[in-house]
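**Student:** In this note's numbering, each number is its position in the sequence shown, counted from 1, plus 3.
These are computed hints drawn from the structure, not numbers from a lab. Hints may contain errors.
As the list claims (entries may be wrong) - In silico lysine-lysine, DSS-like type, Cα no more than 27 Å apart, as pairs: (1) Lys78 - Lys64; (2) Lys78 - Lys179; (3) Lys75 - Lys23; (4) Lys273 - Lys179; (5) Lys248 - Lys208; (6) Lys78 - Lys23; (7) Lys75 - Lys25; (8) Lys64 - Lys25; (9) Lys186 - Lys197; (10) Lys197 - Lys208; (11) Lys208 - Lys273; (12) Lys186 - Lys208; (13) Lys179 - Lys208; (14) Lys248 - Lys273.
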Amino acid sequence: MEYLSARACRWLLNQETRLKSKPELWVKTSTISAQEVLRWCILENLIAGNSLNLPDFLITKNLLNSIAQIQKERKHRCFRQDLKGVSRTEQALLSDQEDKGQGLKPRSNRVLVRLYKTNEMLLGCYLNTVDVDWQQLDLTCCSRLIIVENLDCFYQLECFQLNIMPDDLVVYRGDKLYGHGVKSLKRECIRRNKPTLYFGDFDPKGMNIALSEGYQGVFLPSLIELDANASAAMLPDEQVCFLHKLEALSLSNCWLNKPNRIMPYLQVLKQHRGLRQQRMQNMALEVIEI
Numbered sequence: 004m005e006y007l008s009a010r011a012c013r014w015l016l017n018q019e020t021r022l023k024s025k026p027e028l029w030v031k032t033s034t035i036s037a038q039e040v041l042r043w044c045i046l047e048n049l050i051a052g053n054s055l056n057l058p059d060f061l062i063t064k065n066l067l068n069s070i071a072q073i074q075k076e077r078k079h080r081c082f083r084q085d086l087k088g089v090s091r092t093e094q095a096l097l098s099d100q101e102d103k104g105q106g107l108k109p110r111s112n113r114v115l116v117r118l119y120k121t122n123e124m125l126l127g128c129y130l131n132t133v134d135v136d137w138q139q140l141d142l143t144c145c146s147r148l149i150i151v152e153n154l155d156c157f158y159q160l161e162c163f164q165l166n167i168m169p170d171d172l173v174v175y176r177g178d179k180l181y182g183h184g185v186k187s188l189k190r191e192c193i194r195r196n197k198p199t200l201y202f203g204d205f206d207p208k209g210m211n212i213a214l215s216e217g218y219q220g221v222f223l224p225s226l227i228e229l230d231a232n233a234s235a236a237m238l239p240d241e242q243v244c245f246l247h248k249l250e251a252l253s254l255s256n257c258w259l260n261k262p263n264r265i266m267p268y269l270q271v272l273k274q275h276r277g278l279r280q281q282r283m284q285n286m287a288l289e290v291i292e293i
């Protein structure tokens, strides 16, 4: 029993999309995906045995219907199945085949949440972080979303004076493992008009993220304290290119016509001086609206 690969299934779906506007479709037999599909169809006695020897082959809707029917009967992955938004466990209920290249990855909706209430002891320590599917969170109980840039600072958030409220939802910004989930969570919070705040490095890249991705504010020390502690050593050379983006943002109409407190802070960055998030320990941090 031979299965069609995920690549071949995607090729078939593409041909079906092209067939929507025409009754039949000629395709080249020289491509790898076409050869795999034609070889499979020959084994299933759906087409003539010499089809692979021809330069072109005629795809019809009847042929695609026959392929889909055989795939369903044998619990193969049907090329018509849309796996977007489908988890691996849900894929298993659709067919015996697994397509790791499509659908939700195990951490697609996961986020790291910082807990502030006392939690029971487990394995000799109290839990203060939890890995959870953000869709399981009751966002009606959340007043603000706070996203923390660096993982080490997220784990040691007690070292920072953030004035976090009990109903704040604090999450790690994410990386290759958690980035997708955090983006989805942030979009949902913005859709619900919940303030989203950014706590990260004070450097051109960090401020560019804060100003261009829908955040309402950033956690920073007072301008006097920041100016006294910022240095050129904490503004990486590779981030100088982001200064031009910040300049363009600050000169846009949306900033010029809107009163905000972030503009004097950006002047420090223009002096090529920054402040790492880790150096903000023990500083009184406040929300600077943007």
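**Student:** All hints, please: hold or fail.
**Tutor:** Okay, the hints, checked on the actual structure:
1. Of the pairs offered as hints, the one joining lysine 78 and lysine 64 holds, with about 21 Å between alpha carbons and a cut-off of 27 Å not exceeded.
2. At most 27 Å may separate the alpha-carbon atoms for a hinted pair to count; lysine 78 and lysine 179 exceed this at roughly 33 Å.
3. Of the pairs offered as hints, the one joining lysine 75 and lysine 23 holds, with about 22 Å between alpha carbons and a cut-off of 27 Å not exceeded.
4. This hinted pair does not check out: lysine 273 and lysine 179 have alpha carbons roughly 31 Å apart, beyond 27 Å.
5. Under the criterion of a C-alpha separation no larger than 27 Å, the hint pairing lysine 248 with lysine 208 is consistent with the structure, at around 9 Å.
6. A threshold of 27 Å between alpha carbons decides the hint, and for lysine 78 with lysine 23 the separation of about 26 Å falls inside it, so the pair holds.
7. At most 27 Å may separate the alpha-carbon atoms for a hinted pair to count; lysine 75 and lysine 25 meet this at roughly 25 Å.
8. The hinted pair formed by lysine 64 and lysine 25 meets the criterion: a straight-line CA distance of about 10 Å does not exceed 27 Å.
9. The straight-line distance between the Cα atoms of lysine 186 and lysine 197 is roughly 14 Å, inside the 27 Å bound, and the hint therefore holds.
10. For a cut-off of 27 Å, the pair hint linking lysine 197 to lysine 208 stands: about 24 Å separates their Cα positions.
11. A hinted pair counts as satisfied when its Cα atoms are at most 27 Å apart, and lysine 208 with lysine 273 qualifies at roughly 13 Å.
12. The straight-line distance between the Cα atoms of lysine 186 and lysine 208 is roughly 17 Å, inside the 27 Å bound, and the hint therefore holds.
13. In summary, the hint linking lysine 179 to lysine 208 is supported, as the alpha carbons are separated by about 18 Å, within the 27 Å threshold.
14. For the suggested pair lysine 248 and lysine 273, the alpha carbons sit about 12 Å apart, so the restraint of at most 27 Å is met.
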